[in-house]
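J.: Given two chains presented individually in distinct reference frames, assemble the corresponding complex, making use of the accompanying hints.
Residues per chain, in single letters:
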Amino acid sequence: MLKLLDLTPFDRLILALANTKYFSVDVKSAFFHGELSEEIFVQQPLGYEKKGQEDKVYKLRKALYGLKQAPKAWYSKTEAYFVQTSFERCLCEHTLFTKWKEGGKILTVSLYVDDLIYTENDKSMCDDFKNSMILEFDMFDLGKMRYLLGVEVIQNSDGIFAYQKKYAHEILASFGMDKSNSVHNPIVPGTKLTKDEAGTKFDETLFKQVVGSLMYLTATRPDLMYGVSLISRFMSYPTQSHWLAAKRLLRYVKGIIELRILYKKGDCSDWRAYTDSDFAGDLDDDRKSTSGFVFLLSSGAISWSSKKQPVVTLSTIETEYIAVA
Amino acid sequence: MKPIGVKWVSRLNYENGEVNKYKARLVAKGYAQQYGVNYTEVFAKVTRLDTIRSINTCFS
Chain D
1 MLKLLDLTPF DRLILALANT KYFSVDVKSA FFHGELSEEI FVQQPLGYEK KGQEDKVYKL
61 RKALYGLKQA PKAWYSKTEA YFVQTSFERC LCEHTLFTKW KEGGKILTVS LYVDDLIYTE
121 NDKSMCDDFK NSMILEFDMF DLGKMRYLLG VEVIQNSDGI FAYQKKYAHE ILASFGMDKS
181 NSVHNPIVPG TKLTKDEAGT KFDETLFKQV VGSLMYLTAT RPDLMYGVSL ISRFMSYPTQ
241 SHWLAAKRLL RYVKGIIELR ILYKKGDCSD WRAYTDSDFA GDLDDDRKST SGFVFLLSSG
301 AISWSSKKQP VVTLSTIETE YIAVA
Chain H
1 MKPIGVKWVS RLNYENGEVN KYKARLVAKG YAQQYGVNYT EVFAKVTRLD TIRSINTCFS
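Taken in order, these protein sequences are the chains called D and H. Just so we're aligned: 188 in the numbering used here is position 188 of the first sequence, and the numbers increase by one with no gaps anywhere. Just so we're aligned: 29 in the numbering used here is position 29 of the second sequence, and the numbers increase by one with no gaps anywhere.
Just so you know, the hints here were simulated from the structure itself, not pulled from any lab data. All figures in this text were calculated on a predicted structure; none of them were measured in a lab. This list has only true hints and no planted wrong ones.
Sample of chain D residues at the chain H side, in silico, Cβ under 10 Å:
id : residue
1  : Gly-66
2  : Ala-70
3  : Leu-149
Positions of the beta carbon are idealized from the N, C-alpha and C atoms, including for glycine.
Okay, chain H solo, but in the shape it has when bound (with noise of 0.2 Å):
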């Protein structure tokens, strides 16, 4: 199995115009994973908008 790359990305934060922080994340290099190999499932579930506004509705 050959491991996945990493690479740093890095962002800059503004408050007020100004350069507030250095902000900077590991990420990996997704794209060289293999189906099978080292990910199976992928799906998660995010809820739909309609249930937000429902519930909005009947808890306020």
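Next up, chain D with everything else stripped away, as it sits in the complex (with noise of 0.2 Å):
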């Protein structure tokens, strides 16, 4: 999973620690910038005809929104891009670009589409990139990284804080749990929820709502990710029971609203990983295990997973086996 682990140049972006600021910017309208190889021909817009040439047609040189490859034509214009000005791709995740100078200055950018977000240790390198960003693409400078995706980020002097306090109270407010009581754990230990296709089903689409909404919300909540994976395996047939542990969830969030993850600064050199998983948790189905594990990089938990295991073990070794796998 974090093949990270393992790669030389991830060791001295570690190393390289520094009291750093992260930045973001957007880039207006970024799929316009991508470069087609393809040959395609596009209708004229409406209202925009050709008086007399109604009938003729345009060839695209640059990508459209709605084009099938707009997407891979903008990843790779802006991949050439950083090539070009000498930065270093990071072999396992191709979206990690990394620039150094002597003196140990180090310039970090991470691309998510037309969010970037980057780090510095040195102010005049961050200036020149942004102002030849600013050049290149048409840009549209965010400042000090407030949002990321939709989660929001606070940078104080003791680190970085990752939280959805937001977007938490607004599915609270959209099921109409904003009012409930809130409760301390996100599901009845030792809770065995079982498809239940005789009984009378719930409404499928509010049910699929919700767990949707939850599993947007293990983006900064490991704690969620045990109960959101359990009861997303009965969207194709909701009862009553399945509701119930949804609403359950809804409020444990409730409870846990004003909780966040501090990534805390400067410490790296503290990994730690936690695994576990039952054995044929899934008794009454289909007798396959569940597993998880979190990371912890200096007691910031960065990647998590808790899911069920693809295949029927027969020991409780396989089992452990299958989840450090």
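T.: Okay, structure coming up:
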């Protein structure tokens, strides 16, 4: 999963610790920058037809939104730009670019389609980068990073907090759970949920909406992971018992809304990983085991998962072995 | 090869409850494209959240 671990450039990143801030920029109409390698003709846009030549078509040189290859064209364009300006692309994460200069100066850029976050330990390098990007692409400088993909971010002297408080409030309100009482655990310990295709079917659409909303919340909440992945198995035929479990998760969210993960400043030496699994936890349906893991980097959880294993195992050892793999 | 249709998508941008901008964008009807005819590769990589969280720790 975290192949970054055995990577030398990444080790160097870790060593090059500095008191840095994160900045973000947004590229305006990003997909329009992508250059096409295929031949595509489009009709003339409504209201802008050439008089007397209405039957002619345009040949595209750059991408339009809606084209199948638009995201790829944009990625190729940015990648070419980074390579040309002597950035080094991370071997395992092709959207992570770093640039080194003498004296341990470093600039790191992470690309999420049209959202870029970058960090540096040298102001001039950062300004150069920003100015050259503004020249190359039409960019909107968002300054110090406050949001990333809808996740709220706070940067202060202790480190970085990532949380989705606003989003959590929104989903509680939209499912009418904003005035409910909170509970202390996401799921009643020992709960076994099973398929119940003879039972009365619950509103499938509503159930799927709750699962989807909670799934996005797991981007910053490892404690929801088990519960959400458990209820998501019953999306095709939810019944009252599954709905009760979903509602309990929402009530748990209500209680933890103020909590957030802290990524502590400056200490990257402490890696920890935990993993565990049950044995044939899904007793009634298919006897598959569920396993989970969490990776901590200096006390902040950075990677987590909870999944039902894809195969049926015959022993607890085999289960744990699959969990670790 | 058939030309791909285009259409205008318009959207209102609000500021303090009032209309701030009238936005319009020309989009292509990508569903009319055929594999091998006018597109081949479409995969674009995005960053894993795990990576973002790792660099958040390492550089903060």
